[in-house]
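> If you're matching them up, the sequences are chains Z and D in order. Going from the first sequence to this note's numbering is simple: count from 1 and add 162. Going from the second sequence to this note's numbering is simple: count from 1 and add 1283.
Just to be clear, a hint being listed does not mean it is correct.
List of simulated lysine to aspartate or glutamate pairs, EDC-like, C-alpha gap at most 16 Å [to be verified]:
no., chain 1, residue 1, chain 2, residue 2
1, D, LYS1382, Z, GLU241
2, D, LYS1382, Z, ASP188
3, Z, LYS233, Z, ASP188
4, D, LYS1342, D, ASP1366
5, D, LYS1340, D, GLU1298
6, Z, LYS176, Z, GLU241
What the hints contain is simulated information worked out from the structure, not anything from laboratory work.
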Amino acid sequence: NAGVTQTPKFQVLKTGQSMTLQCAQDMNHNSMYWYRQDPGMGLRLIYYSASEGTTDKGEVPNGYNVSRLNKREFSLRLESAAPSQTSVYFCASSAARASGSYNSPLHFGNGTRLTVT
Amino acid sequence: GQQVMQIPQYQHVQEGEDFTTYCNSSTTLSNIQWYKQRPGGHPVFLIQLVKSGEVKKQKRLTFQFGEAKKNSSLHITATQTTDVGTYFCAGGNAGNNRKLIWGLGTSLAVNP
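Start from the sequences and build out the full structure, keeping to the hints where you can.
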C-alpha cells in the first residue's frame, strides 16, 4: 500500500520554464491538497480538491494551476516558474467529505524539492 | 484572520529531559491535529483531539486540548534522539480540511 506518491522528488528549473508535479493516492480518499513549505512559513495551502472534478484555491494559489484528473490523481502545474516558487511541495489526501462536519487526518507524500534559478 | 500560534519555535534538550510545545488559537476550534516531521521528511499524522478538555497519550507523548478548545499542548516525557523533528499543530473548523489552520511548528533537537 503506497499511500500518497509524488513525482518527481527533485527538480531544478530555470525562470520561465514550466512543469507539472504529479500526485496519486491509493487510499480511495475524497480530498486532495497541494501545500508548499518554506523555512519559517510553515505549511501553506496552494489548492484543494474536495472531490473529483472540483478544485478550489487555497492561501497561495497565484502562479499555479491544478487538475483533479480522477479520484486518485491531483496534479500541480507551474506555467512559468519564478525563483519565489523555490520550495518543497507536498501533496496530501484525506478521507474528509466535501461537506463533512469533521476534519480527518492528512496523509502526505514524500515531497518534491523544487529549485528555480 | 484566524491564527494558530505555536511556541516555542525551537527547543534544544538533553536526552532524557521533557519537552512541551503549545498551540494557541485566536478562535474556538472544532478539533486539533498534531503532526511530526522528521528532518528531510514529510509531516506524519500523530493524533486528533476533538473534545473539550481531552487528554490522549501515546507512550511518552501526552496531548491535551483546552477546555475552551482554543489551545493545545504536546508533552514528551524523557526525550529520545528519535523524537528529533518538527512538531506541527493544525486547528480545524467544522467542515473540510481546507480550513485547517497550521501552526509554524516547533523544532526539537535532542543532544544524546
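> Give a verdict on every hint.
Going through the hints against the structure:
no., hint, verdict
1, D:LYS1382 x Z:GLU241, "violated (27 Å)"
2, D:LYS1382 x Z:ASP188, "violated (24 Å)"
3, Z:LYS233 x Z:ASP188, "holds (9 Å)"
4, D:LYS1342 x D:ASP1366, "holds (12 Å)"
5, D:LYS1340 x D:GLU1298, "violated (20 Å)"
6, Z:LYS176 x Z:GLU241, "holds (12 Å)"
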